[in-house]
Structures are given as C-alpha cells and as structure tokens.
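Undergrad: For reference, the chains in residue letters:
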Amino acid sequence: MNKILILFAHPAFHKSRINMVLVDAVKNLEGVTFHDLYENYPDFFIDIQKEQQLLLGHDIIVWQHPFYWYSAPALHKEWMDLVLEHGFAYGIHGRSLEGKKVLSVISTGGRMDVYSIEGRNRYTINQFLVPYRQSVNLCRMEYLPPFVVHGSHTIEKQEIEQYGKKYRHAIELLRDNKLNNVDLENAEYLNDIID
Amino acid sequence: MYNQDFFFQALIYLLAAVVSVPLAKKLGMVSVLGYLLAGIIIGPFVLGLVGNEAGEVMHFAEFGVVLMLFVIGLELEPSLLWKMRRSIFGLGGLQVLFTALLIAAVALIFNFQVNRAIGIGLILALSSTAIVLQTLTEKGLLKNVAGRSAFSVLLFQDIMVVPIFALIPLLASFNTNLSIAETEVEEISFVGSLPGWAQLLFIIGALTFIILIGRFVSKYIFRFIAETNLHEIFTAMALLLVIGIALGMDAVGLSPALGTFLAGVVLADSEYRHELETTIDPFKGLLLGLFFISVGASINFYLFVEDPVTIIGFVLTLVVLKFIVLLMLGRFFRLRKGYEFLFAFLLAQSSEFSFVLISFSKQSQLFDEQTSGLLLLIVTLSMAVSPLLLLFNDKAVSPILAKWQNRLDYDTVEESENPIIIAGFGRFGLVVGRMLLANNFNVTIIDNNPANVEVLRKFGFKLYYGDVTRPQVLEKAGVENARLLILSMAEYDNALKIAQFVRKKYPHIKILARAKDIFHAFEFFKLGVKTVQREVFNSGLELGSKALENLGFTRYEAYRSSRIFKHHEDEIFSELYDHWKAGETHFIQEARRFSEQMSETLQAEKDYSIHDADCAWDVESIREEAEGKVNSENKG
Chain L
1 MNKILILFAH
11 PAFHKSRINM
21 VLVDAVKNLE
31 GVTFHDLYEN
41 YPDFFIDIQK
51 EQQLLLGHDI
61 IVWQHPFYWY
71 SAPALHKEWM
81 DLVLEHGFAY
91 GIHGRSLEGK
101 KVLSVISTGG
111 RMDVYSIEGR
121 NRYTINQFLV
131 PYRQSVNLCR
141 MEYLPPFVVH
151 GSHTIEKQEI
161 EQYGKKYRHA
171 IELLRDNKLN
181 NVDLENAEYL
191 NDIID
Chain H
1 MYNQDFFFQA
11 LIYLLAAVVS
21 VPLAKKLGMV
31 SVLGYLLAGI
41 IIGPFVLGLV
51 GNEAGEVMHF
61 AEFGVVLMLF
71 VIGLELEPSL
81 LWKMRRSIFG
91 LGGLQVLFTA
101 LLIAAVALIF
111 NFQVNRAIGI
121 GLILALSSTA
131 IVLQTLTEKG
141 LLKNVAGRSA
151 FSVLLFQDIM
161 VVPIFALIPL
171 LASFNTNLSI
181 AETEVEEISF
191 VGSLPGWAQL
201 LFIIGALTFI
211 ILIGRFVSKY
221 IFRFIAETNL
231 HEIFTAMALL
241 LVIGIALGMD
251 AVGLSPALGT
261 FLAGVVLADS
271 EYRHELETTI
281 DPFKGLLLGL
291 FFISVGASIN
301 FYLFVEDPVT
311 IIGFVLTLVV
321 LKFIVLLMLG
331 RFFRLRKGYE
341 FLFAFLLAQS
351 SEFSFVLISF
361 SKQSQLFDEQ
371 TSGLLLLIVT
381 LSMAVSPLLL
391 LFNDKAVSPI
401 LAKWQNRLDY
411 DTVEESENPI
421 IIAGFGRFGL
431 VVGRMLLANN
441 FNVTIIDNNP
451 ANVEVLRKFG
461 FKLYYGDVTR
471 PQVLEKAGVE
481 NARLLILSMA
491 EYDNALKIAQ
501 FVRKKYPHIK
511 ILARAKDIFH
521 AFEFFKLGVK
531 TVQREVFNSG
541 LELGSKALEN
551 LGFTRYEAYR
561 SSRIFKHHED
571 EIFSELYDHW
581 KAGETHFIQE
591 ARRFSEQMSE
601 TLQAEKDYSI
611 HDADCAWDVE
621 SIREEAEGKV
631 NSENKG
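Which chain is which? The protein sequence lines are L and H, in order.
Note that the numbering used here gives residue 38 to position 38 of the first sequence, counting from 1, and the numbers run on in steps of one.
Note that the numbering used here gives residue 336 to position 336 of the second sequence, counting from 1, and the numbers run on in steps of one.
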C-alpha cells in the first residue's frame, strides 16, 4: 500500500466550491495524509524540516490547488522553492525523493476546449504543466498525468460531486497500486483512466 | 555571657517572626499584623519571653524606620508626583486635614490638651501603607480607580510623616503638665550650644551638603564601588551613607529620618536607585519587622482587659470617622459605582507609621505612658479589623451596589446569544475589540473603569461595567454560552483567577489570554489556556526587524529574520515551559523575575542554534557543486 501525502494550497478555501468537495472526498481515506499549506503557514513561514520529513514518509505526493495564472497559488511555489532544497531533492547528493510519484490535482475556470491550440488559452494543460513535470524529473521522481476539474465557475453541484467520487477512486487506486503503468504513461489526464 | 543573652534574644525574635509571619500570610493577613502578633505572643501578656528590654530593642529597631524613609524618598519620582498632583495633594491633603481635625476634636472632648489632641489627630489620620498596598497588589486593584486614589492618599501620608516628625517636638514643647524636673535633660550637642542663627546656618549647611553630595558626587562614588564588582562593598556603602546621614542629622539637631528621606529623594533619579533600593530593602524589612515585634510586645493588653467597652468604642469611633471622611472625599473626587466604598474601606485603619510616631512622641514627652499605651492598642486593633472591613465590603456592600448598578446598566446591554466576551478594555483590549467589530462580530465588553465605559458606549460599543473577577458579573454577561472569552486585562493575577474559575465551571469555553511575560504565559498554559499572547513580544520583534532594516538589511531580509526569530522563540518557549513545570516550586521573587527570564531564555538560545530556514535561496552549494567540475544538473 502506498502512502499518499496531499499538499493542498488554496488561499481562499472557504470560498471554493470545487476544492471543498474534492478535499472532503479524500482527506479521511486510509493511508492519506492531508496537509493544508495555507492553514499551516498563514505567514508563509514554512517549516522546512517538517515538510521534508513528511515527504520522506510518503510514496505519492499530491499537489492539489486551483490553477492560478496557469500555475499554483504563491504559497505552493514558496513551498517548492524552500523545501526542494539542493542536496535534499536534487543535485548529486540530493536523492532523498528518488522514485516517488507526484500527481497534480488542479481546478481551472476554463473548460477543456479552451485549453487547446485552437482555444482561447492556446496551450494544453500538460503544456502549462511543463515546469512541474521537469521539476519532478529533476528530483528523480515520476510525474503522473494530472487530475483536472474544468469549468469550475459554471459546473453544477451534481457534477462536482461526481468529480469528488472520481478523485476518491483515483486516490484509492493509486494507493493500492491498481493502475496499469502503460495506461498511466499514455493518459492525457488521470480522469480518463478512472471509471 | 552578654553574647549568649544577645543570641538568645535574637533567637526568640527571629523564631517568632519566622513562625508567625508565614502563618499570618496563610490566614490572609499582611506581614505587619504577623509581626505584631509575634510580638504580642512573646510579650509579657502571653508568654512573657521578653520583658523590659523590648524597649531597647525598639530603640534599635527604629533605625528600620530611618531606612524606610530613605526608601520612600528613593521611590518618589518627581514626575509621578507631578502627574498625580491633583489626587495626591488634593485628595490626600484633604483626607489628612479633615481626619486629623475630627479626631483631634474627639480627643478634646475626652479632655486631652490641645497640643496632644493635634498630635493624636495627625498620628491617627494616617492609614497603613503596608496593609493597603499589599491588599491592592493581592487583589490586583493597583490600576483600578479606587486603588489609584488610595495609592495617592498613601503617598501623601508618606510625605506627611516627615513634617509630623518635625512637629512632634514642637507640640511637646507646649506641654504644661509636665514639670521641667520630669523631662530628661537632653544631651546638649555641640550645635545645640550655639546661638540660634548659627544653628540655622548649620542646618541649612547640612541639608545643602546632602543635596550637593547626592546630586554631584555620589554618582562617582557609586560607580567606583560598583566597578569593584563586590556586592557586599556596595551594601556597606549604602548602609554607610544612610548611617552617616542619620548621625550627621542628629548632630545638627534634625531628625535622622528627615535627612535620609531627603537623601532618598535626591538619589531617586540616579542610575543606582534600584540597586540601592534592593540593597537596603532586606535591612529595612528585618528592622521594621523587629520594630513591629517590639511594638507588639509592648502593647498593654491590661488596658483592654480593664475596660474593653471603652477601647472597642474608641476603635469604632476611629474607623467610622476615617471611613466617613474618606467616603465623602471619594465622592467629591468623582469616585462612583461602589469605588468610593472600596476606597473608604481600604484606608479606614491607622498606620504602622502611627507606631513609629507614637513611640517618638513618647520619647519627646508629648504623650505619657498611659496615652501612648492606649493609642498603640487602638492602632493595632484598627489594623486588625481592616481585613474584616474589606470582607464586609466584598460580601455585603458591593453586591448590593452592583445589583443597583446593573439595573441602571441593563437597558443599554442587550443580551446576545453567543457573546464574545472581552474582559478588560484598555489599550490592549481596544485593539482586539476593534478588530472583531470590523469583522462584524458582536462583542460584549466588560471593563471596570467607569470613565471608559461612558466614552465607549457613546461610540456604540456594547459595554458592561463591572468587576470581572466576580462570577456574577461574568454570568450576567452570558459567559455560560460564550463562544470566546478574551482576557485582555492588565490585572494579570486577576486574569489567572478568572481563567481558573472559567476552566473549572465552564470547561467548554475557549479562553484567549494576554500575558505579561513568559512566566505569566506558563501559568495560563498550566491552567489549560493554550492561546496566550505575550503583550510585548511581537512589538519588540517588529522593532527589532526595523533595527535590522536600519542596519542595511533589505526589508524582506529583515522581515524574514523576524519570522525566523519568532519561530525559534516558539521552540524555546516550549522547552522552557517543560523546564518550568518540572521545577515549578522554584521561588522566583517578583524583582528577579525579569532577570530570571532573561538568563533562562538566553541559555536556551545558546543550546538551540537558529536553523537557517532559507537555505534553498542560498546558491552556495550549487556553485560548489558546479565548481567541482561535476556534471551537475542545474536548477534553472
């Protein structure tokens, strides 16, 4: 069984519609550690040693956050800057995270068709995620296909609930190692290979 | 032989003090009463362990009074006097004046001579600084309006002791009763033999000498001595100073107490003031204790046994007269809502100074044996009833007043369902309250300053006037259903008491507290109050960060440093808390509290190195790796 660490970053969690449901769906699952960054570090003063210990104690790291300006909220970036230290996460002696997996779980305002070469945003989600993919790669970890919730402003309540269930199922499958590696390599979104 | 006798006496006195003072404390009495009690017990009336030599001991112990006046002088800050001039000289002055006049009038009725009546009036008009200050501190009333007024009156009385000292021999000189033959022929000093103008010159010269030495020379002497780092030499110097002045004053025919008082005032703004105070304090305390024991031993209880009704009548008259004058003056000086009663009950006894002045009057032949014995008894009994008076105020007077008061207040305070209660709305509570109001929370504020209450109500705050330490007040404010209880008051001990009460009776209520310092915070922790904010820590931190900015740090660097330091402090805090809990019985004197805190934190700081939280922003290791010609992967 894999141990999963969900690093959640949302500066206005109380106002969110999507993430509230997603978080509720997974935070109490067995084998899952839910870690709310804004709740723990409201002043952006991240306890680096504690964070590194948390990383060492888990096999799969989930970065869950809304997709602000095609990226993550500021605290998530601060976390990456400070916690993924040279000599710990990367560099010749930085092999502490080797072999772990990273999953991005993001919610976007735009619907899926907006995120395409013809669409308003001109690039796909996976193109926007290149910095994350490469950061993970630099740390000798494996980047999983992202779990994406599109159209967060217009989506109906019922649909959000379904996303919640799907997310929960995805986390369970990852935890129990039940996903096919070939499927994972080929999938655009993680959503696509979950029933 | 002599030595043995001396040590035996010392044994008895010390034993009496060591046994009865802590016992008195346990029973809720102040130490003065404990000493008196000790004296009474070892005195001729009970055990008879000490007899005639009590008078000699008292003579020696009077040096404690000289030391006390020196310390009073040291504590008189001219700026404080100026700030409180209205209440000190107005309220205090009128209190002494009216009380003295009334008591003198009563004394006249009982056929005392005019000069003696005036003496009695002045001596009994004083109230006990020891009892009142201790009560105020214990009940956390020092910052309360009644407490502050009482403090002013005491301050004025302290100052008045000096002129009364000077006045007693003058009053004594009007005695018609005593024949010349009866008065002891005073030793004629060198100065006393000079003509009047020369004496005056000597006196002025001596006073000027004290002032000049105190102002301009003492600094260098003390510095020179402090630099030797030998504490006992500093002590010796301090004692030398006081004894020297006392003898000098005696030589020119002035009261030693007056001289040392003056020296104290002159040294009050020197940088060695605190050092002097703490050095002299134990001597003062012990000698005064000795003095009170000998007073206790010399109280003539046969007087009481002979005619208890008259004595009780006198004590009652004294207390009632003082009470009425205080109550009227309290009203006149705008004490309201029960505070005038508290104020009057607080000060309705006579003073330990009265003992000093009575024995001095006896020496100066103002009073005969009979009068002074009677007065000592009355003063002692008035002091003994003073705790009872306060108890009466707490249990009977103030609840009645509070009931009446809150009826007035009720229409302006709507009950709210789940109030957030803020106890104490001064500088600190104001910030908390404003922030909650800005976020649309209704808060119920309890404050005990009537002036605040009226102003804030005008601006639409929901305010409740009352003494939070009283459970009824908390209950009326709806503590039972409160969401939060915020203890932002500056009466630190009271805050702890409330926390303890609420934790016990309403364990579900969240308490947030303002702490004075780290130890105060620990006390809260121990009570299970986990959200505690030290009142000055964050401000110090911010100023520290601004200091770093001014030393060339970038603003963010300075800010980061302050965050790192805060984090680091949190670690130290919990370490010190465990340490404190383990050795809790450690006796920490209030005066040593801060230095204790300093040394403990600094020690813990040494053990914990500050972890550089920002390593990742430091590219040093990457540069090293790159320079090592290793085929390195790069960050960007």
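Quick caveat, the hints were computed from the structure, so don't treat them as lab data.
For clarity, every value in this text was computed on a predicted model and none was experimentally measured.
Built from N, CA and C at the ideal position, the CB exists for glycine as well.
A few of these clues could be false.
[To be verified] A short, non-exhaustive set of chain L residues, derived as facing chain H with CB atoms under 10 Å: (1) A12; (2) F13; (3) S16; (4) D47; (5) H86; (6) G87; (7) L97; (8) D192; (9) I193.
[Stated by the list, open to error] Quick list of simulated restraints, FRET-style, between CB atoms: (10) H:K510 - L:M1: 43 to 51 Å; (11) L:T124 - H:K510: 45 to 53 Å; (12) H:E549 - L:K50: 26 to 34 Å.
Undergrad: Are L:G87 and chain H close enough, Cβ to Cβ, to be under 10 Å, as the hint says?
TA: 6 Å, holds
Undergrad: Is the hint on L:L97 kept, meaning its closest Cβ partner in chain H is under 10 Å away?
TA: Not OK, violated: L:L97 not within 10 Å of chain H, min 14 Å.
Undergrad: With a cut-off of 10 Å, does the beta carbon of L:F13 approach a beta carbon of chain H closely enough for the hint to hold?
TA: With a closest approach of 17 Å, the L:F13 hint is violated.
Undergrad: With a cut-off of 10 Å on the beta carbons, see whether L:A12 makes it to chain H.
TA: 15 Å, violated
Undergrad: Quick check on L:D192 please, does its C-beta sit within 10 Å of some C-beta on chain H?
TA: 32 Å, violated
Undergrad: Would the hint on L:H86 be counted as holding, given a Cβ-Cβ threshold of 10 Å to chain H?
TA: Holds, about 5 Å.
Undergrad: Should the hint that L:D47 touches chain H count as held when the rule is a Cβ pair under 10 Å?
TA: 8 Å, holds
Undergrad: Honestly, do H:E549 and L:K50 meet the 26 to 34 Å range at C-beta?
TA: Distance hint for H:E549, L:K50 holds at roughly 29 Å.
Undergrad: Has the hinted range 43 to 51 Å been met by the Cβ atoms of H:K510 and L:M1?
TA: Because 38 Å falls outside the window, the suggested range is violated.
Undergrad: Can we keep the L:S16 interface hint, with Cβ of chain H closer than 10 Å?
TA: With a closest approach of 20 Å, the L:S16 hint is violated.
Undergrad: Does L:I193 meet its interface restraint, that is, does its C-beta lie within less than 10 Å of any C-beta in chain H?
TA: 31 Å, violated
Undergrad: Does 45 to 53 Å hold as the CB distance between L:T124 and H:K510, or does it fail?
TA: 49 Å, holds
Checked against the numbered hints given earlier, the structure breaks hints 1, 2, 3, 7, 8, 9 and 10 and satisfies all the rest.
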